[in-house]
Amino acid sequence: MAEPKGFNVKKQHGFTTIAVLCFLLLYTPIILLVLYSFNAGTSIAIWEGFSWRWYISTWGNEQVKEAALLSLWLAIVSSAVATSVAVLAALATTRRAPYKGQTVVFAIINQPLMVPEIVTAVALLIFFALIKNYTGYTGGAYLFIAHSAFCVPFAYMPIRARLQGMDLTLEQAASDLYGTPLRVFRKVTLPLLWPGILAGAMLAFVISLDDVVITEFVKAAGQDTLPTYMLGQLRRVVTPEVNAISTVLLAISVTMVIVYFILNQRKN
Amino acid sequence: MANATHRPSFTERHSQWVLLAPALTLLCVAAFGPLFIVAIYSFLTPGDYGGVVWKFSTEAWFNVFAERDIFDETIGFADAHLAIFWRSLRLALITTVVAFLFGFPTAYFIATRPAHQRNLWMLLIMVPFWTNLLIRTFAIMELIRNEGVVNTLLMGLGIINEPIQMLYTDFAIMVGMLYVYLPLMVLPIYASLERFDFSLVEAGYDLYANRLKVLRKVILPVTRPGIVAGSILVLIPALGAYVTPRVLGGGKRMMLGNLIELQFGQGRNWPLGAALAMLLLLIVMATMVFYVRAAGREGGGHG
Chain A
1 MAEPKGFNVK KQHGFTTIAV LCFLLLYTPI ILLVLYSFNA GTSIAIWEGF SWRWYISTWG
61 NEQVKEAALL SLWLAIVSSA VATSVAVLAA LATTRRAPYK GQTVVFAIIN QPLMVPEIVT
121 AVALLIFFAL IKNYTGYTGG AYLFIAHSAF CVPFAYMPIR ARLQGMDLTL EQAASDLYGT
181 PLRVFRKVTL PLLWPGILAG AMLAFVISLD DVVITEFVKA AGQDTLPTYM LGQLRRVVTP
241 EVNAISTVLL AISVTMVIVY FILNQRKN
Chain B
1 MANATHRPSF TERHSQWVLL APALTLLCVA AFGPLFIVAI YSFLTPGDYG GVVWKFSTEA
61 WFNVFAERDI FDETIGFADA HLAIFWRSLR LALITTVVAF LFGFPTAYFI ATRPAHQRNL
121 WMLLIMVPFW TNLLIRTFAI MELIRNEGVV NTLLMGLGII NEPIQMLYTD FAIMVGMLYV
181 YLPLMVLPIY ASLERFDFSL VEAGYDLYAN RLKVLRKVIL PVTRPGIVAG SILVLIPALG
241 AYVTPRVLGG GKRMMLGNLI ELQFGQGRNW PLGAALAMLL LLIVMATMVF YVRAAGREGG
301 GHG
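Chains A and B supply the protein sequences, listed in that same order.
Residues in the first sequence are numbered consecutively from 1, following this note's numbering.
Residues in the second sequence are numbered consecutively from 1, following this note's numbering.
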């Protein structure tokens with residue numbers, strides 16, 4: 001009875017204000033960045049009217065086109081590779097009794113999440129320099145291998161989560177009905193696992209598309225992805241062209257994350 | 001017949017490693033394995049034009065903390081390195097504390113929304129996190145430049161006459177790291193607050209506690225595992241930050257990540273770079289061990 005009517009036990013003074021501030025802090029910079037990519041002038045602070053000018057000039061920039069193409073290729077190939085190996089690894093590590101070497105397997109799979117990116121980047125720089133010395137090969141394969149590797153844990157997480165929530169009995173029933181292991185996998189496991197695979201592939205795609213540090217250390221001279229191209233532009237005068245590239249990349253990431261969110265919602 | 005009955009267990013045991021092989025091979029080649037090479041390189045002699053000479057030396061590890069005077073061979077602290085370590089540690093810690101001050105109330109706000117709204121609020125936290133780190137850093141840079149929105153606005157309002165130099169300062173790096181790592185603080189705190197039983201709070205009020213006391217004596221202790229996890233998730237990438245100090249610190253305000261890169265670029269001292277990278281890895285691992293201990297203790301303590 002001590003509490004007056006309407007007393008809200010969950011209320012804490014000032015928390016809502018801080019939360020609102022927090023959301024403002026998170027979104028204001030991004031929104032301004034997108035806004036000024038449509039600025040008619042060269043300023044990133046004074047609005048001079050709406051225009052597609054920076055998108056058009058970016059579209060005409062050969063370097064940007066090349067970088068965009070490499071970024072896209074890298075993201076497609078490495079997310080495909082990472083997702084494939086992650087599906088197999090998830091099948092091997094979930095829904096089973098604890099096994100010998102479990103901790104080591106998890107440590108290896110999650111290495112890219114636990115070790116600071118700069119350390120992995122340096123490690124790859126050294127390792128690939130050794131290989132270059134012995135083989136003389138200096139092509140683009142290094143980037144593809146590096147990207148595929150650090151995308152694995154991001155693809156693995158949602159697939160593993162999906163598998164853990166799946167009932168083994170369906171597959172056992174299919175086996176009992178004389179389905180071969182491959183057929184059971186194709187007809188039962190895979191369709192059920194599909195949302196997890198899609199989510200994993202999308203996360204891997206976004207992670208590859210956004211990577212700066214490892215790419216910066218592994219790439220050969222002249223090989224640029226969109227993020228490393230933008231980082232290189234820093235030394236020059238920053239024009240809203242960078243904003244235009246950023247806006248396109250943002251649009252891709254945000255779309256992917258929202259689709260991922262919807263996929264996850266449906267699961268629940 | 002004997003074969004037929006043995007087969008399942010045999011394949012079950014072995015197919016696991018067959019399925020794991022591609023992932024483990026890929027990661028051992030291009031993530032886990034090369035770390036050992038870094039460890040080896042930290043004990044070699046630098047080559048004249050980058051790279052290494054295969055001769056054992058502890059000089060790199062010595063140079064991490066100390067330096068020899070080139071004239072009289074006296075040994076002193078490597079002040080430049082120590083200043084960078086100190087900046088890394090200080091900025092990472094400040095970022096973590098400020099992220100907590102913003103992140104906890106935000107996570108609390110989300111956890112106290114009606115159940116069907118919470119996922120949407122969390123999506124709002126996660127969307128910036130999954131967007132490009134470099135782009136978010138650029139966004140901060142454009143905001144706080146001398147000719148950026150903040151300075152233009154303040155000058156337009158007549159509050160200041162000269163733009164305030166915010167870019168290329170420690171403050172800029174801190175704001176940038178806070179901005180990019182904040183979602184990592186909110187996420188685990190929200191996870192522990194979502195499971196939080198608010199009847200405990202009611203009990204607190206019944207015992208005549210005020211709001212602050214309930215927060216300090218009930219809510220904070222129960223959600224401590226989430227707070228520790230969030231702090232670790234912010235602290236670790238902040239310690240190893242490379243892009244944010246490079247963009248917002250303008251090359252002069254270096255952190256450990258930039259110092260490491262320097263050794264592979266202009267510095268041409270790969271063993272020193274390798275030793276610094278190993279040092280960072282050791283710090284991160286020590287932090288994680290601390291976290292596992294703290295989380296483990298929590299299970300027995302407050303329950």
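Because the hints were derived from the structure by calculation, they are not lab data.
Be aware that a few hints might be false.
[As the list claims (entries may be wrong)] No farther apart than 25 angstroms at their CA atoms in a straight line, the calculated lysine-lysine pairs in the DSS-like style are these:
no., chain 1, residue 1, chain 2, residue 2
1, A, Lys10, B, Lys55
2, B, Lys55, A, Lys132
3, B, Lys252, A, Lys10
4, A, Lys11, A, Lys132
5, A, Lys11, B, Lys55
6, B, Lys217, A, Lys11
These figures come from a predicted structure and were not determined experimentally.
Going through the hints against the structure:
Distance hint between Lys10/A and Lys55/B is unfulfilled; the C-alpha atoms sit about 65 angstroms from each other, more than 25 angstroms. The suggested pairing of Lys55/B with Lys132/A holds, with an alpha-carbon distance near 21 angstroms, which does not exceed 25 angstroms. Restraint check for Lys252/B and Lys10/A: the C-alpha separation of about 46 angstroms exceeds 25 angstroms, so the hint is violated. Distance hint between Lys11/A and Lys132/A is unfulfilled; the C-alpha atoms sit about 61 angstroms from each other, more than 25 angstroms.
Between the alpha carbons of Lys11/A and Lys55/B the distance comes to roughly 65 angstroms, so the proposed pair goes past 25 angstroms and is violated. A C-alpha spacing of about 15 angstroms is found between Lys217/B and Lys11/A, which places the hinted pair at or below 25 angstroms, so the restraint holds.
Violation of the numbered hints given earlier is confined to hints 1, 3, 4 and 5; the remaining hints are satisfied by the structure.
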